[in-house]
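Could you put the whole structure together from the sequences, leaning on the hints where they help?
2 protein chains.
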Amino acid sequence: MSIEKLRPVENLSQVDKIEMSLQEYLRTENFQPGDSLPKELELAQAMGVSRTAIREALSRFRTLGIIESRKNRGMIIAKPDVFNNMERVLDPQLLDDETMNEIFEMRLVIEVGLGDVLFLRKHNADLGALEKIIEKEEKATKKIDIVKCDIEFHSMLYKLSGNKTIMRFQKMLRPVFDHVYTKLGENTAAFAANIPEDFSPITHRDLLNTLKHGDPEQFRSQMRTHLMVYFKKLSTD
Amino acid sequence: MSIEKLRPVENLSQVDKIEMSLQEYLRTENFQPGDSLPKELELAQAMGVSRTAIREALSRFRTLGIIESRKNRGMIIAKPDVFNNMERVLDPQLLDDETMNEIFEMRLVIEVGLGDVLFLRKHNADLGALEKIIEKEEKATKKIDIVKCDIEFHSMLYKLSGNKTIMRFQKMLRPVFDHVYTKLGENTAAFAANIPEDFSPITHRDLLNTLKHGDPEQFRSQMRTHLMVYFKKLSTD
DNA sequence: AAAATAAATATGTCGTACATTTTTAAAATT
DNA sequence: AATTTTAAAAATGTACGACATATTTATTTT
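Heads up: the sequence lines are chains S and Z, in that order. Per the numbering used here: the first sequence = residues 1 to 237. Per the numbering used here: the second sequence = residues 238 to 474.
Hints are computed from structural coordinates only; laboratory data are not their basis. Remember, predicted model here, so these are calculated numbers, not experimental data. A portion of the hints provided could be inaccurate.
DSSO-like mimics (lysine-lysine), calculated; alpha carbons at most 27 angstroms apart, straight line [as the list claims (entries may be wrong)]:
{"no.": "1", "chain 1": "Z", "residue 1": "Lys316", "chain 2": "S", "residue 2": "Lys17"}
{"no.": "2", "chain 1": "Z", "residue 1": "Lys276", "chain 2": "S", "residue 2": "Lys17"}
{"no.": "3", "chain 1": "Z", "residue 1": "Lys408", "chain 2": "S", "residue 2": "Lys159"}
{"no.": "4", "chain 1": "Z", "residue 1": "Lys408", "chain 2": "S", "residue 2": "Lys164"}
{"no.": "5", "chain 1": "S", "residue 1": "Lys79", "chain 2": "Z", "residue 2": "Lys254"}
{"no.": "6", "chain 1": "S", "residue 1": "Lys79", "chain 2": "Z", "residue 2": "Lys408"}
{"no.": "7", "chain 1": "S", "residue 1": "Lys136", "chain 2": "S", "residue 2": "Lys159"}
{"no.": "8", "chain 1": "Z", "residue 1": "Lys308", "chain 2": "S", "residue 2": "Lys17"}
{"no.": "9", "chain 1": "Z", "residue 1": "Lys254", "chain 2": "S", "residue 2": "Lys171"}
{"no.": "10", "chain 1": "Z", "residue 1": "Lys449", "chain 2": "Z", "residue 2": "Lys401"}
{"no.": "11", "chain 1": "S", "residue 1": "Lys159", "chain 2": "S", "residue 2": "Lys212"}
{"no.": "12", "chain 1": "S", "residue 1": "Lys39", "chain 2": "Z", "residue 2": "Lys254"}
{"no.": "13", "chain 1": "Z", "residue 1": "Lys316", "chain 2": "S", "residue 2": "Lys171"}
{"no.": "14", "chain 1": "Z", "residue 1": "Lys449", "chain 2": "Z", "residue 2": "Lys385"}
{"no.": "15", "chain 1": "Z", "residue 1": "Lys396", "chain 2": "S", "residue 2": "Lys171"}
{"no.": "16", "chain 1": "S", "residue 1": "Lys71", "chain 2": "Z", "residue 2": "Lys254"}
{"no.": "17", "chain 1": "Z", "residue 1": "Lys401", "chain 2": "S", "residue 2": "Lys171"}
{"no.": "18", "chain 1": "Z", "residue 1": "Lys401", "chain 2": "S", "residue 2": "Lys164"}
{"no.": "19", "chain 1": "S", "residue 1": "Lys122", "chain 2": "S", "residue 2": "Lys212"}
{"no.": "20", "chain 1": "Z", "residue 1": "Lys316", "chain 2": "Z", "residue 2": "Lys254"}
{"no.": "21", "chain 1": "Z", "residue 1": "Lys408", "chain 2": "S", "residue 2": "Lys171"}
{"no.": "22", "chain 1": "S", "residue 1": "Lys148", "chain 2": "S", "residue 2": "Lys136"}
{"no.": "23", "chain 1": "Z", "residue 1": "Lys408", "chain 2": "S", "residue 2": "Lys17"}
Rough simulated footprint, nothing fancy, chain S against chain Z, three-plus residues with beta-carbon under 8 angstroms [what the hints assert, rightly or not]:
{"no.": "24", "segment": "256 to 269"}
{"no.": "25", "segment": "315 to 327"}
{"no.": "26", "segment": "450 to 462"}
Each residue gets a CB set at the ideal place from its N, CA and C atoms; glycine is no exception.
Here it is as C-alpha cells:
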C-alpha cells in the first residue's frame, strides 16, 4: 500500500488547517460558482483565528482559481478553469529533461488519439484553415518559418477538435513544445537521429488528405508516424 | 486578433505587480530547483513594499508549487510538479456539464493514443496485473464491484505506460471520472443509450489479448470502441 | 420623488510585534 | 585545546491594529 496518503498528520501549519476546514465548508454547504462567501472577518471570528491567516488560506484558493475577489465588495466562488495557472508552473527552465520528454510523449498520445474527435467534428470544422497553413509552409524556406507553420498546423488541429478543454491543455503545454523545438532547431542532427533508413515521413498535407478522404484509423497511424521523428526516446526505451 | 491578451494593464493590484516582478526576477537570474530565495524582508526592502504583500505573492508561488518554504529556515525553488494541486480545482461539484464532457472526451483521446506507448513498453510492464484485475472483474456480480474493477483496469493502463506525467494526469482527473461513473451507475438506461443494435462491445480481456498478441493500430481501434459506450455525446454532435 | 450627500462596508496594503525553531556564535567545562 | 553547553541571531508563521479606497446602503436635501 502506498504510505504517502497519510503522511501529513501533525506537520500542518495553522493555515493548512484553515484551508482544509474552509474547503470542507465550501463542499458541505454546496457552494456553487457565483455564490458569495462570508466576509473575511466573519470567517476569522467563526474559526477563532486572525484575519491574516484566513487571508492566506483564501489567497491559495484565489491562486488556484477556486474563488474570485472583487475589491471592496466580497468574494465569490469562481467558475473553475481546469488548467488555470498551469502555464506558470510549466516553465521549461525549471522542468527536468525526463518530465519534458514525458510531456512530449503525452503530446504524441493526445494527437494520435485526436483523430477520432477530428473525424466526428470535421463537417463543421474549417479544414481550409489547415490548407492555408500548409500552403504557407510549403512556400517557406527559412527554418524558423517552417517551425512556425508546424506549430500553427498542430495548434489548429487542437482547435478543430472543438474541445475547449483539450485546446486549453495544448495552450498550456505550448511553451514546453516551443522550447524543445528551438532546442532541436539548434541541433538538427539529434533531431533526425534514430530514424530508420526506410522511413518515409508523413507530411502535414498527407494528414489533411487523410482527414478529408480517409478514416480515423488511418489518421491515427499517420499521425503516429508523423510525430515519430521527434522521438529519439520512444524508439529506444 | 484576440483582444484578451492585453486586457489587464492598470487593473493590477500591488501584489499582482510584485508577483510579476518576482517571476521575472527568478527567470532572468536563472534560479534553479534547490536554489534558495532571498529572505522576505530583503525582498520587501528591495521592492519598497511591505512584507505582507511580498508574503502574499510568495504564497501564490507556494500554492502553485514553484517554491517551497522550510519554516524558520528559508525558501527554495521547488522541483515543479506539473499537475500539482490541480485536483483541488477539479471538483466535480463545481464543473459544468460541458467541461465534464470535454474531460471525458479527453480521456478517450488519451487512452486511444496510449496504445503506442503501451506497446513500446509492454516488455517491461506487468501484464499479469491486468490479468488479475480482469479475473476479479469476471467474478464480480455487484455493479459497484464491476465499476471498481473497471476503474482499476484503466488506471493500470496508465501505470503501465511508464509515463509518470500521464499517470499524474489521470490521477488528477479520476475524481471526475468517478463522479460520472456513479452518476451513470444510477441510470443505466442513459448509460447504454445510443449504442447501435449491431454493436459488439470490446471487453477488457479483448484489450489485454490485443496488447499481448496484436498491434498498436488494433489496440487503438478497440480502445475507441470500448470507450464509445460511455459517450452519447461523441456519437451525436 | 429624485438627486445629492453621508455613513457603513469589505478588501487591499502597511507596520509592528512576538512565537518558534534552526543556525550560528560565544562561553564554559573537562 | 577540543568538546559540550549555553546564549544570541535569524527567518518564517501568526496575530493585531490601522488606514486607503471604492462600493453599497442609508440619510438628507431639494
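So, going through the hints one by one against the coordinates:
{"no.": "1", "hint": "Lys316(Z) - Lys17(S)", "verdict": "holds, 24 angstroms"}
{"no.": "2", "hint": "Lys276(Z) - Lys17(S)", "verdict": "holds, 25 angstroms"}
{"no.": "3", "hint": "Lys408(Z) - Lys159(S)", "verdict": "holds, 25 angstroms"}
{"no.": "4", "hint": "Lys408(Z) - Lys164(S)", "verdict": "holds, 21 angstroms"}
{"no.": "5", "hint": "Lys79(S) - Lys254(Z)", "verdict": "holds, 24 angstroms"}
{"no.": "6", "hint": "Lys79(S) - Lys408(Z)", "verdict": "holds, 22 angstroms"}
{"no.": "7", "hint": "Lys136(S) - Lys159(S)", "verdict": "holds, 19 angstroms"}
{"no.": "8", "hint": "Lys308(Z) - Lys17(S)", "verdict": "holds, 16 angstroms"}
{"no.": "9", "hint": "Lys254(Z) - Lys171(S)", "verdict": "holds, 24 angstroms"}
{"no.": "10", "hint": "Lys449(Z) - Lys401(Z)", "verdict": "holds, 22 angstroms"}
{"no.": "11", "hint": "Lys159(S) - Lys212(S)", "verdict": "holds, 17 angstroms"}
{"no.": "12", "hint": "Lys39(S) - Lys254(Z)", "verdict": "holds, 25 angstroms"}
{"no.": "13", "hint": "Lys316(Z) - Lys171(S)", "verdict": "holds, 22 angstroms"}
{"no.": "14", "hint": "Lys449(Z) - Lys385(Z)", "verdict": "holds, 23 angstroms"}
{"no.": "15", "hint": "Lys396(Z) - Lys171(S)", "verdict": "holds, 25 angstroms"}
{"no.": "16", "hint": "Lys71(S) - Lys254(Z)", "verdict": "holds, 16 angstroms"}
{"no.": "17", "hint": "Lys401(Z) - Lys171(S)", "verdict": "holds, 21 angstroms"}
{"no.": "18", "hint": "Lys401(Z) - Lys164(S)", "verdict": "holds, 24 angstroms"}
{"no.": "19", "hint": "Lys122(S) - Lys212(S)", "verdict": "holds, 8 angstroms"}
{"no.": "20", "hint": "Lys316(Z) - Lys254(Z)", "verdict": "holds, 24 angstroms"}
{"no.": "21", "hint": "Lys408(Z) - Lys171(S)", "verdict": "holds, 21 angstroms"}
{"no.": "22", "hint": "Lys148(S) - Lys136(S)", "verdict": "holds, 10 angstroms"}
{"no.": "23", "hint": "Lys408(Z) - Lys17(S)", "verdict": "holds, 24 angstroms"}
{"no.": "24", "hint": "256 to 269", "verdict": "holds (count 4)"}
{"no.": "25", "hint": "315 to 327", "verdict": "holds (count 11)"}
{"no.": "26", "hint": "450 to 462", "verdict": "holds (count 5)"}
Every hint, counting from the list given before, is met by this structure.
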